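Build out the structure end to end from the sequences listed, making use of the hints.
As they're listed, the protein sequences go chains X and P. Start counting the first sequence at 1; every next residue gets the next number (the numbering used here). Start counting the second sequence at 1001; every next residue gets the next number (the numbering used here).
These are computed hints drawn from the structure, not numbers from a lab. A hint or two may mislead.
[To be verified] In the EDC-like style, the derived pairs of lysine to aspartate or glutamate whose C-alpha atoms are separated by at most 16 Å in a straight line are:
# : chain 1 : residue 1 : chain 2 : residue 2
1 : X       : Lys27     : X       : Glu86
2 : P       : Lys1103   : X       : Glu135
3 : P       : Lys1088   : X       : Glu123
4 : X       : Lys27     : P       : Asp1016
5 : X       : Lys90     : P       : Glu1020
6 : X       : Lys90     : P       : Glu1038
7 : X       : Lys41     : P       : Glu1038
8 : X       : Lys90     : X       : Asp24
9 : X       : Lys96     : P       : Asp1016
Since the structure is predicted, the reported quantities are computational estimates derived from the model, not experimental observations.
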Amino acid sequence: MAQQRALPQSKETLLQSYNKRLKDDIKSIMDNFTEIIKTAKIEDETQVSRATQGEQDNYEMHVRAANIVSGQGGGNTLGSWVRAGESLMKLVSDLKQFLILNDFPSVNEAIDQRNQQLRALQEECDRKLITLRDEVSIDLYELEEEYYSSSSSLCEANDLPLCEAYWRLDLDTDSADGLSAPLLASPEPGAGPLQAAAPAHSHAGGPGPTEHT
Amino acid sequence: MATYSLANERLRALEDIEREIGAILQNAGTVILELSKEKTNDRLLDRQAAAFTASVQHVEAELSAQIRYLTQVATGQPHEGSSYSSRKDCQMALKRVEYARLKLSDVARTCEQMLES
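In structure tokens:
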């Protein structure tokens, strides 16, 4: 008790009540068991006839047993004894609840363990995703090469690489309206060769940055 | 949960105490039943009575120890720790995996369609 901090009154009172309940219940169990054994002792007849004494003993045993199970008041031996058993079970249940809520060392450890588990799972998921990304990027590069070098009649004009679309539109400049020409002329001439190289990288690099987020 | 070792030990100890309380009542019932017979088995009586007494003392000692421990570690404050942040991170990682799986299945379906056509 030297390490006991200044608990709030309610907690201290509660723990003291647990102690009291424990002592009372154990005492009740021991005393009542002893009393029942004593009742079973065969004695000589006293002023009361044997039949009456037998009836009294029988009634006492039944009442105490009933008290045990139902938890009614009375203070008779057998009932109090079983009631004490139930009361002990209730005390254990209350202790369990108190332990779960207030045993900080174990709660802290439980939280730490859970955090470690979840973090390990998250790191494993991310590690596998990164491995998957590295493998899929290689396959995707080959797939894209195959796709864009295949018959482009299967592709719509929107799916063409930028350079293809640019060249096709350039071919149709005579039939297209004049508005499209200034739009196409706006990119710098120096950017033309760069534009041819850019689409090849954009498809491979496009998904990459978004996966990192 | 099996992962909460320290907390589980104390809770498991309390569950053992509960079982022992049931055994106490059963022992006492056996003693009384034996007494009710015309010809009693003395050895059984003694054994059961000794077991009853030992169990009661053991239960009392264990529960006293638990209450003493709680007196030492309990404070008046509620515990405010949680594992919510790591749970959220893990949930997002699982969502990323699910998304990647969906996208891969789309790619696989597209490839199959291209092969069929």
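Hint by hint, here is what the structure shows:
1. Among the hinted pairs, Lys27/X with Glu86/X is consistent with the structure: their alpha-carbon atoms are about 14 Å apart, no more than 16 Å.
2. Pair hint Lys1103/P plus Glu135/X holds up; C-alpha atoms about 14 Å apart against a cutoff of 16 Å.
3. Distance hint between Lys1088/P and Glu123/X is fulfilled; the C-alpha atoms sit about 13 Å from each other, no more than 16 Å.
4. For the given pair, Lys27/X sits about 21 Å from Asp1016/P by alpha-carbon distance, which is inconsistent with the 16 Å threshold.
5. For a cut-off of 16 Å, the pair hint linking Lys90/X to Glu1020/P stands: about 14 Å separates their Cα positions.
6. Taking the CA atoms of Lys90/X and Glu1038/P, the gap is near 37 Å; set against the 16 Å cutoff, the hint is violated.
7. Among the hinted pairs, Lys41/X with Glu1038/P is consistent with the structure: their alpha-carbon atoms are about 13 Å apart, no more than 16 Å.
8. Proximity of Lys90/X to Asp24/X is assessed by CA-CA distance (about 13 Å); at most 16 Å being required, the pair is judged to hold.
9. At most 16 Å may separate the alpha-carbon atoms for a hinted pair to count; Lys96/X and Asp1016/P meet this at roughly 12 Å.
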